[in-house]
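These protein sequence lines are chains B and G, in that order. The first sequence: position 157 = 157 (the working numbering), numbered continuously. The second sequence: position 131 = 131 (the working numbering), numbered continuously.
I should point out that these hints are in silico values taken from the structure, not numbers from a laboratory. What you are looking at is a predicted structure, and each value in this text was computed from that prediction instead of being measured. We treat Cβ as the ideally placed atom computed from N, Cα and C, and that holds for glycine. Any given hint could be a false lead.
[To be verified] Simulated coverage check for chain B against chain G, where a stretch passes if three residues somewhere in it have a Cβ under 8 Å from a Cβ of chain G:
| hint | region |
| --- | --- |
| 1 | 50 to 56 |
| 2 | 70 to 83 |
| 3 | 102 to 114 |
| 4 | 136 to 147 |
| 5 | 153 to 165 |
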Amino acid sequence: MPRICCDTTRDAAVWDFTVTTNDTRDAEWAHCIARIRADRDETAFVTLFQYFAPRVKGFLMKSGASNTMAEECAQDVMATVWQKAHLFDPTRASVATWIFTIARNRKIDMLRRQRRPEPDDLAWGPEDEPDQADILVLQQESERLAEALKALPEKQRVLVERAYFGDLSHGEIAAETGLPLGTIKSRIRLALERLRHEMK
Amino acid sequence: MAVTHHIGDEFLMAYAAGVLPEAFSVVVAAHVSLSDDSRARLGAYETVGGAVLDTVDPAHMDDGALSATLARIKGHAPTARAATPRRTPGVLPDAVQRYVGGDVGSVAWRNVGRGVKQAILPTQDSAKVRLLYIPSGMAMPDHSHGGTEMTLVLQGAYRDADGAYHRGDIEVADEDVQHTPVAFGTDDCICLTATDARLRFTSVLPRLAQPFLRI
């Protein structure tokens, strides 16, 4: 998430983790962000842009933004990825999750013209060195979650997605899909339970 | 004291998705600041958000999009600082201090009567969020709910039919619930409360006060 963390003292060397054959797509993207941060590497940025910009735009359009607005915001979000590369923390979020939170906050600003209150940062002590094993687990789990989401029965997957695209409350989803509110809530719950089960 | 009353999944998911009204988002952000359990679950729901982004049908970007974005970032080192430095959390978590302009000493309280004070925070939508100050031993005005009410304890404690609530604890009540929270303990109680509809007070005096309370 785009935590506003003022710790710029952390050694950039910890980002240059070795690429191994176990690396996920997310590890490659994390590596791209490390290169943006360390070398202002535009090639790395292009890699991220080509994958994420069309998805951010798709996400915003599903959320009710016009083509023009979604295009402009997707470009904004990707520019933010460049500008805030130093705030990305692979021990807390995958790259997809981090970019999702940037897109979400931009969406709140754009579609609802509201502020986004954020939780306080945790106080990290000097002993909290990023652990490569933790990072790998987080990346793998994030990717398995995406796979599990794709594998959900269509009806459940659509409802989970709608809950994230919305400016639609569960009640409004009910009006639009014709499903009773209780059914929607239980389907979302079922979907989340399946996702949890997949992650075990 | 460890937080024992955590926020429900449907609110955390809505907050992670960014679809919760601003007034309720302030309360959830403040609660997550004080509850490790809720923070961990929020992380999980944000990861689901990342998975949704990852699996959404990509939309076609304009032809010049990449070069336009590259032109924008050129000459801008990726070292942008946070726009506003975070405040040191005190009684009020940073998420609340941003609306107040400081910690609890900066709150512009308005007396509501019998030592009870409130301050409405400036949010955008029709849902409202306010700080309530209730002297220990005093009851919050007895009311039933016209919608959802979310209450987070920031100082002291209160007790109602459902149990005792201390700093970091959160309670969600809907229109079916009639409760009479009473502040207790050595410290006066400070709560953060979001409501999404005008409350209907059940006793005469608070009802007269309702226009002044703006609830």
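Okay, the hints, checked on the actual structure:
Proximity of the region 50 to 56 of chain B to chain G, defined as three or more residues with a beta carbon under 8 Å from a beta carbon of that chain, is established by the 6 residues found. Evaluation of the coverage hint for the region 70 to 83 of chain B: fulfilled, as 8 residues show C-beta separations to chain G shorter than 8 Å, against a requirement of three. Proximity of the region 102 to 114 of chain B to chain G, defined as three or more residues with a beta carbon under 8 Å from a beta carbon of that chain, is established by the 8 residues found. Counting residues of the region 136 to 147 of chain B whose CB lies closer than 8 Å to any CB of chain G gives 4, so the stated coverage by that chain holds, three being the minimum.
As drawn, the region 153 to 165 of chain B meets chain G at 5 residues by the rule of a beta-carbon pair under 8 Å; at three or more, the given contact holds.
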